[in-house]
Amino acid sequence: MTWLPFAHALAARQDLPIPAWLFAWGASIVLIVSFFALSVGWREPRFEKDRWRPLGAGLSRALLGLPAQVLCGAIGVFLLGVAVYAGLRGTEAPDRNFALTFLFVTCWLGFPLFSVLLGDVFRPFNPWRAIGRLVGGSLTRLAGQPPARLAYPERLGRWPAAIGLVAVVWLEIVYGVSGGVSVGLSPHAAGVAALIYTAYTLTMMALFGTEKWCRNGEVFSVYFGMFSQLGSFAVEDGRLGRRRPLAAATSWATVPGSAAVVIASIATTSFDGASEGAFLSGLEWTFERFIDADLALTVALRLTDTIFIGLCVIGVALIYLIGVWGMSTVDGAPPLRKLWSGFAHTLIPIAFAYLVAHYFSLFVFQEQAQFTYLLSDPLGTGSTDLFGTASSGINFQLLSANAIWYVQVAALVIGHVVALTLAHDRATAYWGNYRQAARSQYWMLAVMVAFTCFGLYLLSVSNA
Amino acid sequence: MNRPTKILTVLLALVTSVALAACGSSDDETATTQTATTEAASTVETNAKEARSGDGKKKPPAPPTIVIRNGEPVGGVQELEYSAGDEVAFSVRSDVADEIHVHGYDVSKDVKAGGSVSFSFPAEIEGIFEIELEESGTQIAELRVNP
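Those protein sequences? They're chains A and B, same order as listed.
For the first sequence, position 351 (counting from the first letter as 1) is numbered 351 according to my numbering, and the numbering increases by one without interruption.
For the second sequence, position 131 (counting from the first letter as 1) is numbered 595 according to my numbering, and the numbering increases by one without interruption.
Only chain B is shown next, with the shape it has when bound in the complex:
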């Protein structure tokens, strides 16, 4: 091996390892982030999944309920995750009167103070969408529809 070729080989190896390390570590980070998100995601998500796999039983498990106390979602912004084609179903129980708005799908329903309202629509748009209290502008949930 002559000198320039040697240097080239060494540098290629270096670039590869750096790049692979960078990409590898970000892969890991992605993985940890996902795990973290999954763990952090409250029971709402699991409820949603149960609701989906609830066939065979006479009475499918109730869709998840997002509880609003003092105008804020209990347990922080809730995560709802579905695959395209599923039926998005959840309900909101609120102690303040407001309008619940699902962005993107542009579905909205009014809720009275102390009242509760339920949503059900097909998950036909892929992406991440905010669900918020329209009047106060508070985000209460994040709807995620995977392809």
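If we strip away everything but chain A, and leave its shape as in the complex, we get:
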């Protein structure tokens, strides 16, 4: 049985691994920047006090008023409907069907990007939140009082979202298997999955309340919301405002399970990158053991991938735990538990950098398809041409290999610097004594260097 590498159903083109010289340069810059960071540390926390300032009231009304809420919600529900319909009724060719590119590239990769730039843009378009609010509001009006809710167990925090995040990635890259070859998720399966997720989410919203579930359990709200914490724009008390970039992130991880969300994000992106290169022989070996044990091909392949996703989650969590444990040995340290959640937000920039490094080219190329032939012919059956762009293709010459490499390495280096900045700031808040704060940061520095070097390593061997 020959092992065939992951065939990403959508990607007609894969990135070349970064050359050794760029790997060396990237790693060297990371180390130099890190040593520099140790020497310039500021002594008072600068991001901890969230300085949110409102923008013009007119702008707030236009962007956040009821007409805008209804319009955005309706767009969200409509697009989810189109994706489900295309998935169920459209072609089974993954690259010609609107559903897969829309759900897993445009939304799954687009919202993190736009959340960092513009704030929590998913919230107004969230189709499930829109339905939940509409139904909840109607019931309140009919009964004269809000519907009864269960109390959400606060200890559960964001754990449902963390588990959901791994499940989404598992569905995207592990579930789609045919005859011992990973073929990617089929559009039909994506449509069915979206329906199941809709039923699950609406049930949870009915039980615990729409906003409550969006804050804790709704995978996409929590995941995209996490990235919005890095940016500058935020809504408070129904008013649009600005704040110092990164400032909001400092209070993000106060909810239990937040560390699990960001760890799941880094781990799943790592798995996707590593499965094309670094893990290839390990995956092959495990797969063959399962075949020897007379498991069916499909079962063996899914089991192999599932084990490696699990290993990635454990590995990322362990690296972070070592850093946190190290910090707890420094005099005057808060308890381990507080450190664990207190530094979780410092990993958000790393998670974002991993996303950019691994999916930047896929996003640029696949969005050309999204806005040309997938928009004109969403079912991919060749029967419609809504906007006259059904016969367009993807221009793969838009990005040279060199341009992609530089963006990848730059993303990792910048993510590294931002992560160090946040960690240093948190340390100055936790340790009154500057010396001890600085000493605690050797540990986080080692954690960040490990993640960034691992990210560079994955880029240098992917597809090799």
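These are calculated hints, taken from the structure and not from any lab test.
The beta-carbon is built from N, C-alpha and C at its ideal position, and this holds for glycine as well.
Wrong hints could be hidden among the right ones.
Said to hold, decoys possible - Away from chain A, derived, C-beta distances all over 10 Å, residues of chain B:
{"id": "1", "residue": "Val531"}
{"id": "2", "residue": "Arg533"}
{"id": "3", "residue": "Asn534"}
{"id": "4", "residue": "Arg557"}
{"id": "5", "residue": "Ser584"}
Claimed, not checked - Selected chain B positions facing chain A (Cβ under 10 Å, derived; list incomplete):
{"id": "6", "residue": "Ala548"}
{"id": "7", "residue": "His567"}
{"id": "8", "residue": "Tyr569"}
Keeping the supplied structure of chain A fixed, place chain B upon it in accordance with the hints.
Structure of chain B alone, referenced to chain A:
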């Protein structure tokens, strides 16, 4: 040297060595992977290279041929490597009827059972691309275009 500075120096040294070791070893691994790939790559690749350096001779060496037996590529997924600007040239001999599709470049040609078909196009898009039997979905080769 006072105590904190000493600790700092020691830790810096530690981090550097760990990081360098990590990066160094991955460098090695990259190198070995590349060597392994190169060694594993069948004669197809060397043929491709010969084809490129085949100037001066009256008759340049034939472009590589990918042989399909029972719907599978003989010798596993073949590797074709070119630099941007080269001419990609190869042919496929198959015992099954199918459509050969070069992804990314979106070039496809039908092949009859027992027939053979040849491709030639400029390597103008950088990246890694699959070449597959479109109907059966079997990958037969990987086209690599380096900058």
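Beyond 10 Å from each Cβ of chain A, as asserted for Arg533(B): Per Cβ check, Arg533(B) is outside 10 Å of chain A; nearest 14 Å; holds.
Cβ separation check - Ser584(B) to all of chain A, threshold 10 Å: holds (19 Å)
Non-interface claim for Val531(B), where every Cβ of chain A lies beyond 10 Å: holds (16 Å)
Claimed clearance of chain A by Arg557(B), with the beta carbon kept past 10 Å: Given that every Cβ of chain A is farther than 10 Å from that of Arg557(B), nearest at about 20 Å, it holds.
Hint status (Cβ of His567(B) to nearest Cβ of chain A, threshold 10 Å): holds (4 Å)
Given hint Tyr569(B) near chain A, where the shortest CB pair must fall under 10 Å: holds (8 Å)
Claimed clearance of chain A by Asn534(B), with the beta carbon kept past 10 Å: The claim holds: Asn534(B) sits with its nearest Cβ about 13 Å from chain A, beyond 10 Å.
Chain A contact restraint for Ala548(B) - C-beta distance below 10 Å: holds (8 Å)
Hint violations for this structure: none, all hints satisfied.
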